[in-house]
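Visitor: Chain residues, written in single-letter form:
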Amino acid sequence: MRNAFTNALIDKFKKEKEKGDLNSFLLTGDLGFSAFEKIRENYPEHFINMGLSEQNMISVAGGMAYLGKKVYVYSIIPFLLYRTFEQIRNDVCYPNLSVVLVGVGSGVVYANSGPTHHAIEDLKVADALPNITILSPSDPREVSIFMQKIDKINSPVYLRLSRNGEPIIHNKHGEIKIGKPLELFKGSEVLIVSIGAITKVAIDVARKLNSEEGNFAELLEVHTFKPFDYKKIAEVAKNKKLVITLEENTGALFEKVSVALNNMGINILPFKLPDKFINFSGTEEYILDRYGISTEKIYKKIKKVLARI
Amino acid sequence: MKNIKDLKSIANKLRRELIIIHSKAHMSHISSDLSCLDILITLYFNILKKGDHFILSKGHAALALYSVLHEKSIVSNSVYSSLGNNGSLLAEHPLYGMPGIEIATGSLGHGLSVGAGMALTQKLNKSKGKVYILLSDGECQEGSTLEAMNFCARMGLNNLIAIVDNNGWQAFDQILISIKRIKREFISAGWEVIEINGHDYNQIYNALKTNSNKPKLIIAHTILGKGVKSMENNLGWHYWSPKSEDIEKFLEEVIK
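Chains as they are written, first to last, in this note's numbering: chain S, 3 to 311; chain D, 907 to 1162.
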């Protein structure tokens, strides 16, 4: 995802350079090793390493955007979003400025780095801010598409990236529109709602269920967390036996889906991380699996719950 | 361009107005207004031009700014007289979208960074405009102010002028850092630093006007509550607003 983001920016800077424009900027909080070298070398006028001063970075972006620039601000999610929450709130969201907060490391992709680097509450934190659009793409192709669409959004955006090397899962799927959940499978019995890079697991689970019983599981990818399409979720969930939510957050998605299905009498089965600091080391896969998030465990749990309904 | 006599008479008028509007609106921070009023008057009447920007980073002195904006006819009579009413655009800290206000402030430690972003953009756009930021001395304790200090120097933002209202007080104490050390820090970071009497119009004007090839910090030594004798150097007036029955007494205290 990071390469898709970098390539989209390179395209943008290239076009601006050809036209002699200087509209868009990438500010980084001293991160981007083996990612931003090309930008720094070829488009130095569009790039500033802001150093280790994230609060200043956000407010400077606000000041630049106030005078008409489009500013992409990049860091690891906790440093980008948590340390600087008030700067984002007062200097970007309140004046509703065109600043794109690009956070890398959604969920526990920085698994071994520990809780200081984990981002399992970021959706809830960002969701608290008025005026912000929250985008959580599931693969590099979606990142490229969002980067084009973000060009036309003149208000704050939080673009939540995983890291790098994610598989492309969107080759065959329909048009991706901001604010509209993406239908990846059609099914009649259960609905799986997923967000972000973990969607690849959701696809595996849906495939497994559908390989046994035809069009059994429907899968909706909610790449836009804010504004959230409650109506669509309720529409699709109607007449389903079970709704499953899948996220690498502590229940942000589960809570919104619960609101969408309020009073509909539909069972919801959440797969999420606990409201805890994950205080052990291990791979991303290990951590997720330990909390029941793997194709195998999700599949088994769904079967078990369905047998009881 | 106003001469010193005119500025003094505006200041006298606005000091009296501040007593009345603080009382009417039951709003705090009159002492912080009075310490920076002479700086604001100099800026708005003799310095700011089209293309310049001003940020009141010490947003709690909003009423002083409103009084100056009203005097300049940037804030209308009807807006100005709504102060203290429910639904008014004039809050105790400047709101975004209000006439004459570019950036909403109130939380300290934001203004220098936002101003740096604006000054950088002015340079990128090859615009001649300057960015002026009024900071409180207490605000220099915020880490973000020091982050911005380093950034401005590194980017060579000589179109940025920050003024510290050094009235010597913060919300619950006398100032907890040494302003001398702040001065040394800005100098060693690569700023030009000037110290002035923040109530002397000549000194304020000259400090703002002199060109520099570095970002400039003006440390303005001021008096908390300046110009209303019983409010001077009294922490209580960070919070109290004058009672209506005391207005006459305070008006008599205003320096001529």
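Careful, some of the hints might be misleading.
Here are the computed lysine-lysine pairs in the DSBU-like style, where the Cα-Cα straight-line distance is at most 30 angstroms [what the hints assert, rightly or not]:
#	chain 1	residue 1	chain 2	residue 2
1	D	K1032	S	K21
2	S	K16	D	K1034
3	S	K154	S	K19
4	S	K154	S	K210
5	S	K19	D	K1032
6	S	K154	S	K243
7	S	K21	D	K1029
8	S	K240	S	K154
9	D	K978	S	K19
10	S	K72	D	K1155
11	D	K1089	S	K40
In case anyone wonders, no lab produced these hints; they're calculated from the structure.
Predicted, not measured: the structure shown is a model, and the values here were computed from it.
Visitor: Does each hint fit the structure? Answer for all of them.
Guide: Hints, one by one, checked against the model:
Restraint check for D/K1032 and S/K21: the C-alpha separation of about 17 angstroms stays at or below 30 angstroms, so the hint holds. The straight-line distance between the Cα atoms of S/K16 and D/K1034 is roughly 27 angstroms, inside the 30 angstroms bound, and the hint therefore holds. With a C-alpha separation of about 19 angstroms, the suggested pair S/K154 and S/K19 falls inside the 30 angstroms cut-off, and the hint holds. A distance of roughly 38 angstroms separates the Cα atoms of S/K154 and S/K210; the hinted pair therefore is violated under the 30 angstroms criterion.
With a C-alpha separation of about 17 angstroms, the suggested pair S/K19 and D/K1032 falls inside the 30 angstroms cut-off, and the hint holds. For a cut-off of 30 angstroms, the pair hint linking S/K154 to S/K243 is broken: about 39 angstroms separates their Cα positions. Simply put, S/K21 and D/K1029 have alpha-carbon atoms about 19 angstroms apart, close enough for the 30 angstroms limit, and the pair holds. With a CA separation close to 34 angstroms, the supplied pair S/K240 and S/K154 exceeds the 30 angstroms bound.
Only pairs whose Cα atoms come within 30 angstroms are accepted, and D/K978 paired with S/K19 is rejected, the gap being roughly 42 angstroms. The straight-line distance between the Cα atoms of S/K72 and D/K1155 is roughly 53 angstroms, outside the 30 angstroms bound, and the hint therefore fails. The straight-line distance between the Cα atoms of D/K1089 and S/K40 is roughly 39 angstroms, outside the 30 angstroms bound, and the hint therefore fails.
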